[in-house]
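Trainee: Sequence:
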Amino acid sequence: CANSSRGRDRPHPIIIEEFSWASYLKLTKAQAAPEELFASPGKVIDLQACGFEVGMKLEAVDRMNPSLICVATVTDIVGSRFLVHFDNWDDTYDYWCVQPLAPYIHPIGWCQERDLPLTPPQDYPDPGRFSWERYLDETGSTAAPVDVFKVVRNPPPQHCFRKI
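Under our numbering, the first residue of the sequence shown is numbered 1, with each subsequent residue one higher.
Hints listed in this document are in silico derivations from the structure and should not be mistaken for laboratory results.
The model shown is predicted, which means the values in this text are computed figures rather than measured ones.
Note that CB positions come from ideal geometry on N, CA and C, so glycine has one too.
Accuracy of the hints is not assured; some may be wrong.
To be verified - Ranges of calculated distance between the beta carbons of each label pair, as one might list FRET restraints:
no., residue 1, residue 2, range
1, 146, 22, 42 to 50 Å
2, 126, 147, 51 to 59 Å
3, 22, 129, 54 to 62 Å
4, 126, 65, 19 to 27 Å
5, 24, 137, 40 to 48 Å
6, 147, 63, 35 to 43 Å
7, 22, 125, 17 to 25 Å
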């Protein structure tokens, strides 16, 4: 958070004016995770330069139920990470991905091309007739460009963090 100039949530039940990780770790007798666990392999990717923007739509695997591929939105970008949110789902299912080659995300139309079922947003009227074209129009959204989804034969290990 200090490196990205973004706010942070305090671990509960810490109620102090200025949160300090050093104090929190001492109080809880815990250790900080090593910084190298959070480093992306190779060069850090500028997601916005790659074409990703907040609000863009994509198809994403529900990591809690991998048989579901759902309508999703990029809702935040921090450095080389982006937050995937399933449309009209609770944000407890959101997860962070490090790179656009993450195996959990796909461009719109990916399921249709492979004859796989796509789960529309919860409470979507007539889910059996979901159409990306109509949905993008209804929501005033744009699809993430197909070329931002990288296909890599032997991808490096992916670090996707689940929002808690």
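Trainee: Hint by hint, note whether the structure agrees.
Mentor: Now the hints, each set against the structure:
Between residue 146 and residue 22 the beta carbon distance is about 45 Å. The supplied range of 42 to 50 Å therefore holds. Checked against the given bound of 51 to 59 Å, the beta carbons of residue 126 and residue 147, roughly 32 Å apart, lie outside it. Separated by about 55 Å at the C-beta atoms, residue 22 and residue 129 satisfy the suggested range of 54 to 62 Å. Here the CB-CB span from residue 126 to residue 65 is close to 23 Å, well matched to the stated 19 to 27 Å.
Between residue 24 and residue 137, the C-beta spacing of about 47 Å keeps the proposed range 40 to 48 Å intact. For the hinted restraint 35 to 43 Å between residue 147 and residue 63, the CB-CB distance of approximately 24 Å leaves it violated. Judged by the Cβ atoms, the range 17 to 25 Å given for residue 22 and residue 125 is violated: they are separated by roughly 52 Å.
In summary, the numbered hints that this structure violates are 2, 6 and 7.
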